[in-house]
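Protein sequences appear in the order of chains A and B.
Quick note, this note's numbering runs 4 ahead of the 1-based positions in the first sequence.
Quick note, this note's numbering runs 1472 ahead of the 1-based positions in the second sequence.
Just to be clear, a hint being listed does not mean it is correct.
Pairwise CB distance ranges (calculated) [to be verified]:
1) A:K61 x B:R1545: 28 to 36 Å
2) A:Q64 x B:T1486: 26 to 34 Å
3) B:R1535 x A:S22: 39 to 47 Å
4) A:G20 x B:S1558: 16 to 24 Å
5) B:S1537 x A:V24: 38 to 46 Å
6) B:P1511 x A:V24: 36 to 44 Å
7) A:P86 x B:N1549: 35 to 43 Å
8) B:N1549 x A:K46: 19 to 27 Å
9) A:H11 x B:S1523: 32 to 40 Å
10) B:S1558 x A:L50: 25 to 33 Å
11) B:T1486 x A:K61: 42 to 50 Å
12) A:V24 x B:R1585: 46 to 54 Å
13) A:K61 x B:R1487: 28 to 36 Å
14) B:R1585 x A:E83: 27 to 35 Å
Pairs of lysine-lysine residues, derived as DSBU-like cross-links and limited to a Cα-Cα distance of at most 35 Å, are as follows [as the list claims (entries may be wrong)]:
15) B:K1485 x A:K75
16) A:K72 x A:K46
17) A:K72 x B:K1529
18) A:K46 x B:K1485
19) B:K1529 x A:K62
20) A:K26 x B:K1529
21) B:K1485 x A:K41
22) B:K1485 x A:K61
Derived by calculation from the structure, the hints in this document are not laboratory data.
These numbers were taken from a predicted model, which means no experiment stands behind them.
Even for Gly, the Cβ is constructed at its ideal location relative to N, Cα and C.
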Amino acid sequence: GENVEQHPSTLSVQEGDSAVIKCTYSDSASNYFPWYKQELGKGPQLIIDIRSNVGEKKDQRIAVTLNKTAKHFSLHITETQPEDSAVYFCAASNTGNQFYFGTGTSLTVIP
Amino acid sequence: KAGVTQTPRYLIKTRGQQVTLSCSPISGHRSVSWYQQTPGQGLQFLFEYFSETQRNKGNFPGRFSGRQFSNSRSEMNVSTLELGDSALYLCASSLGGGMRLDYNEQFFGPGTRLTVL
């Protein structure tokens, strides 16, 4: 089955700096890669996603890049703000709609 | 459009009891997936239901079961509860996967926090 690894497990940045979270996957059949943000006491919220036929996608301050050959994808958050502090999860899925999640990155933005 | 709702939000049970959790997906979504979230194991996939049929299953014992109704609402049941079943149980709904990007988008509910004493 699919195995998704996520690094780092914790990340602290100064407000205004950029944050990068990286994930690798093992199954070449995976073709959909979402990122979720989970705040305390809430369910994960979809923040951005990418399909395997696209190399990069951007939405305001967040962007995701995908390298299919190397089987890794990354989340980039620029101009970080305190409200970006949360746990971020990457995931990989295929057309069968089964999702495999990374272990999460706890991001702290220091004002 | 209303989001995914889960009931109850909090539950306390004792070992050996059974529990049923409920999930109402986003209107129009036919797929419901269930996950167990614990600090040590992260998000673990339990199973997915699509059009009342279990389509995918994770590596959980048979004590964990589920079903989906014709209106896409889903229930998850855990029998003979163990201390290790204490977790946040999340459900997520989607249109059902496939080649279209929007069919893959999975949206989570707030979860049910289960504590087993």
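We went through each hint and held it up to the structure:
The supplied range of 28 to 36 Å is met by A:K61 and B:R1545, whose beta-carbon atoms lie about 33 Å from each other. For the hinted restraint 26 to 34 Å between A:Q64 and B:T1486, the CB-CB distance of approximately 48 Å leaves it violated. Checked against the hint of 39 to 47 Å, the pair B:R1535 and A:S22 passes, with Cβ atoms roughly 45 Å apart. About 39 Å separates the C-beta atoms of A:G20 and B:S1558, a value inconsistent with the hinted range of 16 to 24 Å.
A hinted range of 38 to 46 Å holds for the C-beta pair B:S1537 and A:V24, which are about 40 Å apart. One distance hint, 36 to 44 Å for the beta-carbon pair B:P1511 and A:V24, is violated here, with the actual separation near 24 Å. Hint check: A:P86 to B:N1549, Cβ distance near 41 Å, so the stated range 35 to 43 Å holds. Checked against the given bound of 19 to 27 Å, the beta carbons of B:N1549 and A:K46, roughly 24 Å apart, stay inside it.
At roughly 37 Å, the beta carbons of A:H11 and B:S1523 sit within the given window of 32 to 40 Å. At roughly 26 Å, the beta carbons of B:S1558 and A:L50 sit within the given window of 25 to 33 Å. Checking the proposed 42 to 50 Å range against B:T1486 and A:K61 shows it holds: the Cβ atoms sit about 47 Å from each other. Here the CB-CB span from A:V24 to B:R1585 is close to 31 Å, at odds with the stated 46 to 54 Å.
Against the hinted window of 28 to 36 Å, the Cβ-Cβ separation of A:K61 and B:R1487 comes to about 46 Å, which falls outside the hint. A beta carbon spacing of about 34 Å between B:R1585 and A:E83 agrees with the range 27 to 35 Å that was offered as a hint. Proximity of B:K1485 to A:K75 is assessed by CA-CA distance (about 42 Å); at most 35 Å being required, the pair is judged violated. At most 35 Å may separate the alpha-carbon atoms for a hinted pair to count; A:K72 and A:K46 meet this at roughly 31 Å.
At most 35 Å may separate the alpha-carbon atoms for a hinted pair to count; A:K72 and B:K1529 meet this at roughly 26 Å. Taking the CA atoms of A:K46 and B:K1485, the gap is about 22 Å. The hint holds against a cut of 35 Å. About 33 Å separates the Cα atoms of B:K1529 and A:K62, which keeps this hinted pair within 35 Å; it holds. Using a Cα cut-off of 35 Å, the hinted pair A:K26 and B:K1529 holds, with the two alpha carbons roughly 27 Å apart.
Restraint check for B:K1485 and A:K41: the C-alpha separation of about 29 Å stays at or below 35 Å, so the hint holds. For the hint pairing B:K1485 with A:K61, the CA-to-CA distance comes to about 44 Å; that exceeds 35 Å, so the pair is violated.
In this structure, the hints that do not hold are numbers 2, 4, 6, 12, 13, 15, 22, in rising order.
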